[in-house]
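**Student:** Last residue of the sequence shown? That's 963 in my numbering, and every number before it is there in order.
If you are wondering where the hints come from, they were derived from the structure by calculation, not from laboratory data.
Computed from a predicted model, the values in this text were never measured in an experiment.
Virtual Cβ for every residue (Gly too), placed ideally from N, Cα, C.
A portion of the hints provided could be inaccurate.
[Stated by the list, open to error] Here are the in silico distance ranges between beta carbons for each label pair:
(1) ALA844 - GLY944: 33 to 41 Å
(2) GLY881 - LYS952: 24 to 32 Å
(3) ASP842 - LEU914: 16 to 24 Å
(4) ASP870 - SER849: 15 to 23 Å
(5) ALA951 - ALA929: 31 to 39 Å
(6) GLN845 - THR865: 29 to 37 Å
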Amino acid sequence: MLTVPVPVETCEACRFDGAQYDRSDALGTVRALAPMWEQTVQGIDPEVLAQRPAPGVWSAVEYLSHSADVVANMGRLLHATLTIDDLELPDVPDPADPLPAPLADELARFAAHAQRLHGKAAAIPAKDGAWRPTPPPG
826 MLTVPVPVET CEACRFDGAQ YDRSDALGTV RALAPMWEQT VQGIDPEVLA
876 QRPAPGVWSA VEYLSHSADV VANMGRLLHA TLTIDDLELP DVPDPADPLP
926 APLADELARF AAHAQRLHGK AAAIPAKDGA WRPTPPPG
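Taking the hints into account, I'd like the entire structure generated from these sequences.
**Tutor:** This is the structure we're talking about:
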């Protein structure tokens, strides 16, 4: 299998930095994400969570819907990287505004995607080269 160096994923909006995660961190975080979302929104009126706090700023439910999409896509990407040699990926476009379902449905969708991603990732043996970080290009 050919390993092509790719830049480490980062997100300025949520301060995500993929370089800070090893196998154990990644698995633990994916396992904890759904309960973290549930605890974060617990006791808050779903109508409040569905409202945007300012023009151009997503609501909490829109962020949850986007997060569910990201986790689902990470599962697809993990599957593809483990099964397709010489995988080439296009640039990822900026996300469009989500069209979320009701809060409870989005929580369930997020939890299902996170559980599936965790199961796929946890099934990779710890010594497998798939866990080896690729060095930055250059």
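**Student:** With reference to the structure, classify each hint as holding or not holding.
**Tutor:** Hint check:
1. ALA844 - GLY944: 33 to 41 Å: Between ALA844 and GLY944, where Cβ atoms are some 24 Å apart, the hint is violated.
2. GLY881 - LYS952: 24 to 32 Å: At 46 Å between Cβs, range violated.
3. ASP842 - LEU914: 16 to 24 Å: Given about 20 Å between the Cβ atoms, the range holds.
4. ASP870 - SER849: 15 to 23 Å: At roughly 37 Å between Cβ atoms, SER849 and ASP870 fall outside 15 to 23 Å, so the hint is violated.
5. ALA951 - ALA929: 31 to 39 Å: 36 Å, holds
6. GLN845 - THR865: 29 to 37 Å: 21 Å, violated
Comparing the model with each earlier hint shows violations of hints 1, 2, 4, 6; every other hint is respected.
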